[in-house]
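Participant: Below, each chain spelled out in residue letters.
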Amino acid sequence: MNSGLGQRIVNDFSIQVATANGSGSQSSNNVLMRSIFQMGIPVSGKNLFPSNIQGLPTWFTIRVNKDGYVARRKDIDILICMNPETAVEDVKGLAPGSICVYDAPLRLNKVREDLQFFECPFAKLANIPDTEARIRKLLANMCYVGVVAELLQIETAEVESAIAKQFKGKAKAVNVNLLAIKAGADYAKNNLPKLTRYTVERMDKTQGKIIIEGNAAAAIGAVMAGCTVCAWYPITPSSSLCEYFIAYARKYRHEADGKATYGVVQAEDELASAGMVLGAGWAGARAMTSTSGPGMSLMAEFVGLGYYAEIPGVFFDVQRAGPSTGLPTRTMQGDVSFAATLSHGDTKHICLYPGTVQECYEFAIESFNLAEQFQTPIFCLLDLDLGMNNWMADPFPYPDKPIARGKVLDAAKLEELRAAGKTFERYRDVDGDGIPYRTLPGTDHPMASYFTRGTGHNEKALYSEKPDDWVHGLDRLVKKFDTARAHVPAPILSGDKSAEIGLIAYGSTESPMKETTDILTAKGIKTEYLRIRAFPFAKQVHEFIARKKRVYIIEQNRDAQMLQLLKLDINPAEVVKLRSVLHYNGLPVDARSLSDEIMRQEG
Amino acid sequence: MNSGLGQRIVNDFSIQVATANGSGSQSSNNVLMRSIFQMGIPVSGKNLFPSNIQGLPTWFTIRVNKDGYVARRKDIDILICMNPETAVEDVKGLAPGSICVYDAPLRLNKVREDLQFFECPFAKLANIPDTEARIRKLLANMCYVGVVAELLQIETAEVESAIAKQFKGKAKAVNVNLLAIKAGADYAKNNLPKLTRYTVERMDKTQGKIIIEGNAAAAIGAVMAGCTVCAWYPITPSSSLCEYFIAYARKYRHEADGKATYGVVQAEDELASAGMVLGAGWAGARAMTSTSGPGMSLMAEFVGLGYYAEIPGVFFDVQRAGPSTGLPTRTMQGDVSFAATLSHGDTKHICLYPGTVQECYEFAIESFNLAEQFQTPIFCLLDLDLGMNNWMADPFPYPDKPIARGKVLDAAKLEELRAAGKTFERYRDVDGDGIPYRTLPGTDHPMASYFTRGTGHNEKALYSEKPDDWVHGLDRLVKKFDTARAHVPAPILSGDKSAEIGLIAYGSTESPMKETTDILTAKGIKTEYLRIRAFPFAKQVHEFIARKKRVYIIEQNRDAQMLQLLKLDINPAEVVKLRSVLHYNGLPVDARSLSDEIMRQEG
Amino acid sequence: MAEVLTAPAAAPKTNRIGLTIEPYKGAESTLCSGCGHDSITAQIVKAYYELGVPPHTVAKLSGIGCSSKTPAYFLNKAHGFNAVHGRMPSVATGAKLANKHLNVIGISGDGDTASIGMGQYVHLVRRNLGMVYIIENNGVYGLTKGQFSATADTGSGSKKGDVNEMIPIDCCGLAIELGCTFVARSFSADLKQLLALLKIAIHHPGTAVLDIVSPCVTFNNHEGSTKSYKYAKDHEMALHDIDFIEHVEPTTPVDVAPGETRTIELHDGSVIRLKKLAEDYDPTDRAHAMATIERARHEQLFLTGLLYLDRSRRAFADTCNLVDEPLNTLAQDRVRPNKAALDEIMNSLK
Amino acid sequence: MAEVLTAPAAAPKTNRIGLTIEPYKGAESTLCSGCGHDSITAQIVKAYYELGVPPHTVAKLSGIGCSSKTPAYFLNKAHGFNAVHGRMPSVATGAKLANKHLNVIGISGDGDTASIGMGQYVHLVRRNLGMVYIIENNGVYGLTKGQFSATADTGSGSKKGDVNEMIPIDCCGLAIELGCTFVARSFSADLKQLLALLKIAIHHPGTAVLDIVSPCVTFNNHEGSTKSYKYAKDHEMALHDIDFIEHVEPTTPVDVAPGETRTIELHDGSVIRLKKLAEDYDPTDRAHAMATIERARHEQLFLTGLLYLDRSRRAFADTCNLVDEPLNTLAQDRVRPNKAALDEIMNSLK
Ligand SMILES: Cc1ncc(C[n+]2csc(CCOP(=O)(O)OP(=O)(O)O)c2C)c(N)n1
Ligand SMILES: Cc1ncc(C[n+]2csc(CCOP(=O)(O)OP(=O)(O)O)c2C)c(N)n1
Ligand code: SF4
Ligand code: SF4
Ligand SMILES: [Mg+2]
Ligand SMILES: [Mg+2]
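As they're listed, the protein sequences go chains B, Y, P and R. Counting in the numbering used here, the first sequence runs from 1 upward without gaps. Counting in the numbering used here, the second sequence runs from 1001 upward without gaps. Counting in the numbering used here, the third sequence runs from 2001 upward without gaps. Counting in the numbering used here, the fourth sequence runs from 3001 upward without gaps.
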């Protein structure tokens, strides 16, 4: 028995709360996380929930880390057991010496002996006077916050202010929840041993920071990007992106007379939402949708139309574990190769891979610009971990670039052309960058109209089956795509420039990378790390690989999808350098698994 | 002027008939082609038609070649001009010295001087007594057959028997068409100069051969494979595959009491036809559908379900020029990479690439076997050129293997298991090949039932979100896929084993390859040629690339899709060997373009 | 005759084919407690049990949604297929063709049917595929947390306070318009009616559509919702008291009370008995059924019962003229033409 | 008054807004000569020309099919969009939201609408998107060479001799069931009626569905087809003689003959004048419209005319409460919240 022994760990541990979903523990977990956050200590929160609505096991993990490591940690230091269904298994999964706070009836101290147990009679503690039975069930959850706050020495004032924030405007709720907190804390103080192993201590690392989910960040980006049409069909884990968009737009996108500068359609399915995006984009709206794997499959036909007819549109794909319906509430970077060449025939799409919540915001804005500048569907790929979990960030900066609408000719510009004896040809590469000009329906000018189609067409947008027109059109699309290399977000480099070993990651896999490289450095393995932020790949990606001896591509899917895209794009002579590190069990990737695997391959 | 001069060419030329579609020239062209074929001379026929029903330009090309070269030839030797709309342009496209037979009112002899012209008053010739105006229009087409037959010295008896075959059972039609032929032939004999440059001479190279379209061949394969459910939605160029299936099944798949051993549904769209295939496959039918690019996009979601839930189904994709609606009546190998990994998430599908009409037949049968043996969707990829054009072949052999239903446990087998104290677990890898066992709905045994789903499941087919179950399932699918390497049709090798240069082609690109390698050999470029017939790649493909210094992958798409698949599969060190030869203008590829391009790259 | 007997230590109760209710049950539900869908599941178990349908002859299918999870919760001994969202009808069509003897039941939701599944629903009905098609209608997308579905009534309020501006799709009205041969509406808490309708549906040879209001306790059971328990209970108006008398032995004459009762005989001799309530409703009169639904729409009535029955149209598998045995297990010699046939084809191509 | 005058060397005829018919025409048709679709195209040209709709305000869309090719053959000076098969409604929805002032017209076929497009058609109608939606209904898939479509009548024979076993979908009946606000049926060769209906549809603020029998001369114009010219001509029964009197100047009083005529005023003051034929049909009575369609189905009548009109339901763009200007060209300051707004959001997340 080593429980409670060993050295005291400050601001570096993880707490897992095991409950059933629909049991209302979300507010409690939020309060617990925010209390620590408000003490200036970096935190991150991950919700591991089942694909149903009520009654199945759910785990919420809060990682507290003074160094700002925010990825999932494999080990749980403090487990709070509220769910009879999984309690025994959960307890069995802990490392010796871990802490287990549990609801008294579960009697978990009988399960093993090498843990430090804290038994709490939550039902009794939640027995706050003047509350209904239903409410008391919820309050039991708040009691564990009180207990843990006391055990970890979280400052009471911060817990109180977190409660005030959580139940803002609902005085009664604030009140009873404070009572529940107090009941828990008092119980711990009076009846439980001291927790000597873990504690929190005030820091100054969260000052001014926000906590936000990636979906909310992307939604705010879309609102700021001037998105005017949003068409969507609900699907986990993407629904909240559009729901946040709607909520923020309702607040910030109505004019003085109450009228909206955006339209929303809850479409009948994903084929329809994709069609609406294209229709809106064609007619000049900045249009978006958001979906996940199954929706991506359903959008395939329309996306090909968008590519070939050159219609702007922003497609958020908040990836979940696939194939098929898969694990709707688990994370995966599984649509990377599918998105890059979605639809039949020869197609290539611009894809952005935000790696942080701030990038969810920035890339959302950038997606709308790129869509119109390149007149094509843009995929912005998040995943469940990034999109639905809680991340700390600096407040997002106000956009410093104006909205870029791309090559649109309005009546005045057409008139200039006419006056200069020139014509408007929808699919002509006037500027040598592969990007043609377009006009919007409704433009009052005799030269404005053209005909859009997914069938073969020539530069004048006339129907054509001529072999040369066809080849010419397809080749220009390749040129346009290559132009994009220099306009999409460039990769970000960090680490040791002189290192032989390169690491490449993207998207939410960013989160464990700092920790991973720190571990590797500590083990004497020097690395330089490049984070890909877009497809097509910028030249820096090629240069990076050229500079390295071995390059590990780290990603969260089975088939090494980004590695595949790289193989197709880089100098064939360098393909031999590429190695793969994969993680695809549906849980967010953790640093230890990565560093272990890299060390294994390094031999 | 060199018309009519030069050396006399026997059995080696191409004839192009330029008409408008819907003008009924199809029978005439057929008769012309068959007459030559019946003289024992190898022929092939290609129809270049527009994506509409009536009135737009159409070209039918017959290649006559004593060496059995069957691909499209770039040059036309004999042009028959019936279409005022394209006549001038068509004539301008000819090489000097070519032959032009034209309808008198077109006065094409005014267009250029370096051709040999044969002017014919077709309307007058078609003035067969006792026929309606509508019929006479059709007969005008038969008149050019008469003219050309006379000019080329096609044996009259063969023309007559071709007519008899074409209008089998319609005595009146046979009669008037014979009169039209005679009118044309007589006119040529009496009024036109002799054609001294080209002629046909009887050979013995077509004895016993058939002429067939790839779609018909695949349909016959499906009938012989015991396909029991066919669900389809019309789309060019795939419709005729299912239509042939229906026609042949009607004739050969009804029992004595008139009842059918197959069911057909004309579905409401491709999502539905894919769903029907999976439903039928799940319930134990041998089920198929046929589609083209846009349908492939629409089937993406269901195909992912089939992959992950492991349901057999045969998907014919008769490829046309994409992306998007593209050129519906032009050919392309454009869905190769899309089909190989269709659907979101990590997926890999078995794909077959028949290269000849005989393989359309054989691979159709094989697809049904593989689908059930591997319990997964199988893609059989044809294209418009192979599927809708006329090809010579030996008669198809009767299947020598029995139908293979794969690992299905019926009530008796379940009872054996039970008696042996064993269980049935739907997704357990009992045999170590990654392929589990299944039962069919309706099986009368208490152990039979299981639950199929596209969500995460464990070996027992129970719903599971457990990380290990998920990884385990995905990994087994990879194993199953690897097992397939040894069971799919192996590649075919030909040419010079010692050559440094390897050529790789697949599908309809087979057709110009013999000619291409002959040209290259003649130019002193030795090559060995490997034809890929399936994905995943058999080990012979890897060995071939390993053996060669340079390998040209020849294909009909823009993005080098097969080359991409190879890059992902072969030894990374050998990626540098791969070179690409592409053709994607919608016309079937010709040998001269290929040999020129290879010589160019060889420098 | 009202004698109370002390039960002897009884053998477990069994049905007509000697099975206990066990094989008719399924895995434990993972739905929210109180969800209407669970009540429907219970009646499905009961219906198959009481009818004595052998579980292995049933194929149970669904799309995606809370409702679509329920096939896992009944008939453990039947094969099940939880397909993709909104596309179960096509899967059912394929399965039924593969084995026309399967008793097919499909469970869908209002989202699964009326939104993403609309196209397939329409064409299923048009084909008259022999299957029971259940719409567990709660006016919301339960599984994705409560967005309005296309059956939500105009003006109905969401839990978050939004008001639905769209008009609802009436899956029953639509089915009748499309020529559906069995159309019924019910309420998950009207157990007796639901059981009777399920039994009739199971006996119906064509597509039997049951649109069942099935409250979502988590997202759509509040004041202002027209799909809540309270609203449905307060507003339900049954068209008739409905009973199903199964024709088991070919000789049993069905005993029908005269007077206020309308009886309809089914193809297999079973009988539907309708006891008149407000009016004498004839569910075989299509024009009247349409007018009734139109009136209900107009007056915002929640009419339940057997809305329409057509006993004349052939089911899809019948129009396909299939051999009597299921296609899925025909032996090779019945599905592969012989050599002579292939030779004949080849000769025709020479 | 019947005087024949020799015309003076006239200036080209122009319409109300001073345009000749040229900008209302399109490219030359590539359809089969005699195809019904071409007649409809001609009436569309005429309708827009006569109404004086500025061509650039129109957006013309379609799916895929022979019918869907026709937007290229009218209104050259309007933007056009030939989308993908069966999914034009969603594209139209997006376009209309982007610019609610666009006059949207969509051309579809029976295959494009009733098969692959069913889901989107239903939801278009349900949303009441402001657009003219034309179904050029020939009972077959023309472009893929004549397979039966879902509107082919039971028993109708194909050119190859097959008989259709399926029941037809009636796109009008369906639209009314779904709450469509304008539903009409016509015949491509009934030029006068078609022109009047088109004009009304163009003026209608919501979804205006026109299901127009439009014979396919190549694949479905034979004996035994119920969508041939001969059959349609022999069987057409117009519900009324219909006229449209456009309300151009706000002051022009519309002059209506009394007696046998029913008039309906539209939102903009224009008037529909219906001259009674067999019966006095009131197209604003939904229950009656449904009953009439049901009777026509029963008696196999080919009823044409304005079947149903609802002037009360709001069009989709209106329910969206959009600003008055088109969204597609709003300046940045109207679509990007200011810094204070972003700060407020950020603070709420601290
Ligand atoms: C293609 C696709 N789109 C979206 C989803 C997400 N999704 C799952 S269930 C559901 C709606 C379910 O609603 P309903 O059918 O009414 O069932 P309920 O949960 O209300 O019983 C949606 C949109 C999905 N699984 N697949
Ligand atoms: C996704 C997809 N499936 C199939 C097709 C092939 N296709 C083109 S037009 C058409 C049917 C057209 O029928 P209809 O809408 O009635 O038009 P019509 O030609 O009869 O006017 C089909 C099936 C396609 N283009 N796209
Ligand atoms: S969310 Fe609603 S529909 Fe889903 S299980 Fe819970 S109560 Fe039922
Ligand atoms: S095939 Fe039929 S629908 Fe198509 S253009 Fe010809 S006549 Fe018209
Ligand atoms: Mg629902
Ligand atoms: Mg049609």
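By construction, these hints were calculated from the structure, which means they are not laboratory data. It is possible that part of the hints are untrue.
Stated by the list, open to error - PhoX-like, lysine-lysine: derived pairs with alpha carbons at most 20 Å apart:
| no. | chain 1 | residue 1 | chain 2 | residue 2 |
| --- | --- | --- | --- | --- |
| 1 | B | Lys-137 | B | Lys-124 |
| 2 | Y | Lys-1466 | B | Lys-74 |
| 3 | B | Lys-251 | P | Lys-2046 |
| 4 | R | Lys-3046 | Y | Lys-1251 |
| 5 | B | Lys-137 | B | Lys-182 |
| 6 | P | Lys-2192 | P | Lys-2160 |
| 7 | B | Lys-251 | R | Lys-3077 |
| 8 | P | Lys-2160 | Y | Lys-1066 |
| 9 | Y | Lys-1480 | Y | Lys-1497 |
| 10 | Y | Lys-1092 | Y | Lys-1074 |
| 11 | B | Lys-577 | Y | Lys-1209 |
| 12 | Y | Lys-1209 | P | Lys-2160 |
| 13 | B | Lys-460 | R | Lys-3339 |
| 14 | R | Lys-3159 | Y | Lys-1168 |
Fair warning: this is a prediction, and the values are worked out from it, not measured in the lab.
Participant: What are the numbers of the hints that this structure violates, sorted from low to high?
Facilitator: 3, 4, 6, 7, 8, 9, 11, 12 and 13
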